[in-house]
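Protein chains: 4
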Amino acid sequence: MPATKSSTKAPCHTTPKNVVQPHKTSLLKRINRIEGQVRGIGKMVEGDRYCMDILTQISAIRSALDATAIQILEDHTRGCVSGAIQSGKGDAAIAELISVVKKFAR
Amino acid sequence: MPATKSSTKAPCHTTPKNVVQPHKTSLLKRINRIEGQVRGIGKMVEGDRYCMDILTQISAIRSALDATAIQILEDHTRGCVSGAIQSGKGDAAIAELISVVKKFAR
Amino acid sequence: MPATKSSTKAPCHTTPKNVVQPHKTSLLKRINRIEGQVRGIGKMVEGDRYCMDILTQISAIRSALDATAIQILEDHTRGCVSGAIQSGKGDAAIAELISVVKKFAR
Amino acid sequence: MPATKSSTKAPCHTTPKNVVQPHKTSLLKRINRIEGQVRGIGKMVEGDRYCMDILTQISAIRSALDATAIQILEDHTRGCVSGAIQSGKGDAAIAELISVVKKFAR
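Residue numbers (my numbering), protein chains in the order written: chain D, 1 to 106; chain Z, 1 to 106; chain U, 1 to 106; chain E, 1 to 106.
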């Protein structure tokens, strides 16, 4: 499947089911690093490390996950949501956006 | 008092640097599952999956991480903190506990 | 284009410094109720009420505040941000939106 | 009802239903300030102030509320929970503590 014309503004190049993330490479790097961090806390538990150190590390993973989510959310807003608004389909896109923000704001 | 490995109340059986988690097996299972979920979002980004679906999945990982942290926090309070309070060293243990709660409550 | 006060879509009817909230009446009612809840925890502390009951009430206030923020955020996205995107000034509006989402997602 | 001997360690001086907060005066000041902040956002909405400014202010209130909750939580842990642990009734007190932490950590 051909990647988009490298626009950093429009992840939603075809349909909502096929979205090339504009920061795909750096996102994958981040996610890979988070996966390593999660594996790291497994090793900490395995190695009987001090509870507080494990919790501090879990808190760091949470921050990294949040930052990743914010990146995707921003790209989604600049791409999919902006596109929807410009083509008169903003209502549904914004409702969907807010429903996701709710999950993270809680 | 000789704490044993099987006590569900006392993870701090020797020193703070060597803490056998009372729910070690289930914790490792949980962490392993979270690692798989993180790898899963990597595959979603790789496969150009829809942003909203990725964000929903990240939100689920966050909940799983939080639940894991709460489990460790509870065991830590029942074990290390309780032990410290009973032996008159509660002040430092509680200060440390609260500093970690702050990170999660934000 | 002269937006009107009755539009539920466009809070940004004149300038960013003068925004009539589309749900102004219900927002004021919510905020008034939250103010009463905060006064209520003051009375709880004053009356030496049990800590856990006070904390449960603070947690309820936090939820009410978050719900209010989400309402304003949604209206802002439907109004100011949509308008900015349609008039080609979406970039700054989206950057600002995301900076606020970050504060709530943390 | 006679206030306790000003111990900063033991809010739970009689029963869980009658707890003099060790930082009662400063707590009441904080809560009073938060009440003023909430009234302030009411005035901002009333005065058609910019959405983003209102949201920034709501986020500040949330931080102030969280800091207040953490203070109460810390005093509760040093007082009620420590006391319960020392008198062999730690289990229920810790379960209750964790249930409240869950609400704030989410």
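Hints may be right or wrong, so weigh each one.
For chains that are exact copies, the list does not tell them apart, and a pair is met inside one copy or across any two.
[Claimed, not checked] Capping the alpha-carbon separation at 25 Å, the derived lysine-lysine pairs in DSS-like fashion look like this:
{"#": "1", "residue 1": "Lys43", "residue 2": "Lys89"}
{"#": "2", "residue 1": "Lys103", "residue 2": "Lys89"}
{"#": "3", "residue 1": "Lys89", "residue 2": "Lys29"}
{"#": "4", "residue 1": "Lys103", "residue 2": "Lys43"}
{"#": "5", "residue 1": "Lys43", "residue 2": "Lys24"}
{"#": "6", "residue 1": "Lys29", "residue 2": "Lys43"}
Everything labelled a hint here was simulated from the structure, so no lab data went into it.
Outcome of the hint check:
no.: 1; hint: Lys43 x Lys89; in the structure: neither (48 Å within a copy, 29 Å between copies)
no.: 2; hint: Lys103 x Lys89; in the structure: within (23 Å within a copy, 28 Å between copies)
no.: 3; hint: Lys89 x Lys29; in the structure: neither (33 Å within a copy, 31 Å between copies)
no.: 4; hint: Lys103 x Lys43; in the structure: between (30 Å within a copy, 22 Å between copies)
no.: 5; hint: Lys43 x Lys24; in the structure: between (29 Å within a copy, 11 Å between copies)
no.: 6; hint: Lys29 x Lys43; in the structure: both (21 Å within a copy, 12 Å between copies)
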